[in-house]
Amino acid sequence: MNVAYALLQAADPNLPPISGTPFFLFTVVKMIIIFTIYMVGVALLTLAERKISAWIQDRHGPNRVGKGWLQPAADGLKNFMKEETMPAGVNKPLFFLAPIIAFIPALTAWCVIPFGAPLPTRWGRIDMVVADLPVGFLFVLALTSLGVYGIVLAGWSSNNKYALLGGLRSSAQMVSYEISMGMATIPVLLLVGNVSLNSIINQQAWGGWNVVNLTVAFLIFMVAAFAETNRLPFDLPEAESELIAGYHTEYSAMKFSLFFIAEYANMVTASALMATLFFGGWDVPFTSRDNIGPYSGWLTLLSIGIFLFKILFFVFVFMWIRWTLPRFRYDQLMSLGWKLMIPLALTYIVLIAAIMLGLSAADIQPGMLYATILGSTNVAILLILFAILDRGRIISPAYGRLHPRELERMRQVTRRAQMAAEAGR
Amino acid sequence: MAITVRVVDRPVEEVSYIRATLKGMGRTLSHLLKFNDRATVQYPEEKSAISPRWRGTHRMLTTETGKAKCVACGLCPTVCPANCIKLVPGEDEEGNRYPLVCEIDEFRCIFCCYCQEVCPEEAIHVGRHYENSEYSRDGFVYDLQRLMDQSHPVCEMWDPEDPKGE
Chain A
1 MNVAYALLQA ADPNLPPISG TPFFLFTVVK MIIIFTIYMV GVALLTLAER KISAWIQDRH
61 GPNRVGKGWL QPAADGLKNF MKEETMPAGV NKPLFFLAPI IAFIPALTAW CVIPFGAPLP
121 TRWGRIDMVV ADLPVGFLFV LALTSLGVYG IVLAGWSSNN KYALLGGLRS SAQMVSYEIS
181 MGMATIPVLL LVGNVSLNSI INQQAWGGWN VVNLTVAFLI FMVAAFAETN RLPFDLPEAE
241 SELIAGYHTE YSAMKFSLFF IAEYANMVTA SALMATLFFG GWDVPFTSRD NIGPYSGWLT
301 LLSIGIFLFK ILFFVFVFMW IRWTLPRFRY DQLMSLGWKL MIPLALTYIV LIAAIMLGLS
361 AADIQPGMLY ATILGSTNVA ILLILFAILD RGRIISPAYG RLHPRELERM RQVTRRAQMA
421 AEAGR
Chain B
1 MAITVRVVDR PVEEVSYIRA TLKGMGRTLS HLLKFNDRAT VQYPEEKSAI SPRWRGTHRM
61 LTTETGKAKC VACGLCPTVC PANCIKLVPG EDEEGNRYPL VCEIDEFRCI FCCYCQEVCP
121 EEAIHVGRHY ENSEYSRDGF VYDLQRLMDQ SHPVCEMWDP EDPKGE
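Chains as they are written, first to last, in the numbering used here: chain A, 1 to 425; chain B, 1 to 166.
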């Protein structure tokens with residue numbers, strides 16, 4: 001009890017980081033705790049998804065097994081008991097490996113995401129992150145792009161047309177959107193001047209959340225995150241109505257379950273990244289005590305709670321959008337990615353770099369004025385962007401407005417066809 | 001025959017993806033928040049009301065003395081289009097007819113309600129009841145005692161004077 005209370009006491013902010021044997025011990029403890037919470041959380045998210053879908057459709061959702069709370073446990077049990085099917089002609093090693101490859105990167109990305117204010121102990125300061133890599137964000141980008149291999153290999157090794165089509169779609173989709181995802185984060189890195197996730201959070205604690213500074217980058221990142229996690233409206237790799245179940249058509253029991261868990265794990269990771277990059281991570285809003293100390297256990301708990309809240313909010317948005325929007329057509333998906341997102345991200349990088357150069361030339365330090373200037377620029381860009389998108393055709397339905405030039409071209413085709421028919425008669 | 005393409009130029013309000021998306025998100029959120037207005041009926045606990053003219057499994061009404069009202073006139077097996085009623089009449093010392101055997105095969109029954117309509121004593125009825133399950137087919141052959149033991153409400157037949165049942 002005394003130890004627990006001592007852990008929660010306030011302490012000196014300049015405490016040296018923990019080292020030696022306690023470092024290893026606490027790292028292992030952090031790993032175990034994160035893994036456990038993550039797995040249980042992901043299991044509960046499957047329940048949340050079903051509940052939210054039910055509520056959106058005016059239903060009750062699962063409410064039988066333990067008032068609904070034990071539904072994930074029942075599902076897990078069912079998946080363990082089910083038969084593992086092995087279709088004829090599969091490539092066995094890859095068929096086994098694919099779910100693992102899909103699952104591991106989503107989990108591993110978590111080890112560099114800081115989830116709370118540092119915890120002071122008598123052995124030194126414990127950073128609330130499993131591994132505080134100096135190249136934190138690059139590590140996340142590298143790992144999330146590995147996830148596509150699991151899906152492609154699953155599609156290829158299944159010896160099934162639909163699975164292969166799903167895998168191919170996913171490779172095209174994820175490669176396309178990875179570019180805009182990476183580019184959307186460049187303005188953040190420009191603003192921070194560092195790729196460590198801890199310094200990104202620190203910068204936001206002082207300079208305002210990046211969702212204000214870099215709203216457009218946030219929107220691009222969010223759309224790309226939907227595509228990267230294969231969630232609706234970008235779930236073309238799965239596409240129940242066209243490809244049965246896409247890349248995991250041939251999978252059953254726990255192997256299927258791993259893909260399922262991987263999808264939710266990816267969703268949580270993407271939400272955590274959005275919270276970290278654009279919503280201040282574990283930063284408690286409207287106070288600065290969480291950034292300068294004195295740190296205490298209570299502060300750590302509070303910041304973890306805040307971070308969890310932010311993640312859950314984004315997870316909710318993921319689900320809310322899934323049960324609202326229908327799937328994109330494949331060409332719409334591609335034209336959105338290549339014709340809109342990538343040029344927009346590129347232009348935005350140039351624009352933000354220019355503004356930052358101008359601000360530093362005018363000798364304005366990061367702070368209130370800096371954030372206001374950046375924020376108002378973003379609002380202006382957004383207004384223009386929405387006005388263009390509103391009238392544009394890139395993400396409009398097939399019956400959307402046509403450019404007058406296109407209209408004229410189509411009319412001419414019709415006229416020519418009529419003339420040819422008359423001449424032939 | 002030339003293929004003609006009808007080119008429709010719709011107004012922005014109809015084709016804008018962003019407006020449609022925002023509208024849809026609002027719609028789903030409003031349904032999400034309607035916590036007390038769910039369409040599901042939690043079946044075993046809650047049951048939706050069934051029509052007063054519902055035609056389910058049979059029931060034999062009894063007199064005050066606990067005997068079946070049936071006088072074994074033989075009208076119901078005659079009118080029955082599915083031929084599912086088996087009736088053997090008997091007669092007691094005072095000359096009153098009563099059914100010795102009255103068996104209804106609920107599997108053969110098509111629930112047309114003719115037996116209830118034709119019965120002069122208002123003895124046989126079809127019931128307002130739908131939860132029937134048995135472990136064997138024989139379990140669905142109801143004998144006289146079982147018909148008398150049923151306690152669910154009975155069908156109210158259609159009344160030409162009051163076609164909507166008000």
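Check each hint, because a few of them may be wrong.
As the list claims (entries may be wrong) - Calculated pairs, DSS-like style, for lysine-lysine (alpha carbon to alpha carbon, straight line, at most 27 Å): (1) K67(A) / K34(B); (2) K164(B) / K51(A); (3) K339(A) / K23(B); (4) K51(A) / K23(B).
What the hints assert, rightly or not - If you want the ones that stay clear, here's a sample from chain A, every Cβ over 12 Å from chain B, calculated: (5) T21; (6) F24; (7) T36; (8) A54; (9) W55; (10) R125; (11) D132; (12) G297; (13) W323; (14) L325; (15) L336; (16) P343; (17) S376; (18) A387; (19) V413.
Unchecked claim - FRET-style restraints, in silico, Cβ to Cβ: (20) M419(A) / T21(B): 21 to 29 Å; (21) V12(B) / V40(A): 56 to 64 Å; (22) V5(B) / A74(A): 40 to 48 Å; (23) T40(B) / I373(A): 48 to 56 Å.
To be clear, the hints were calculated from the coordinates, so they are not data collected in a lab.
None of these values were measured; they are calculated from a predicted model.
Quick reminder that beta carbons are idealized off the backbone N, C-alpha and C, glycines included.
Of the numbered hints stated earlier in the document, which are not met by this structure? 2, 8, 9, 13, 14, 15, 18, 19, 20, 21, 22
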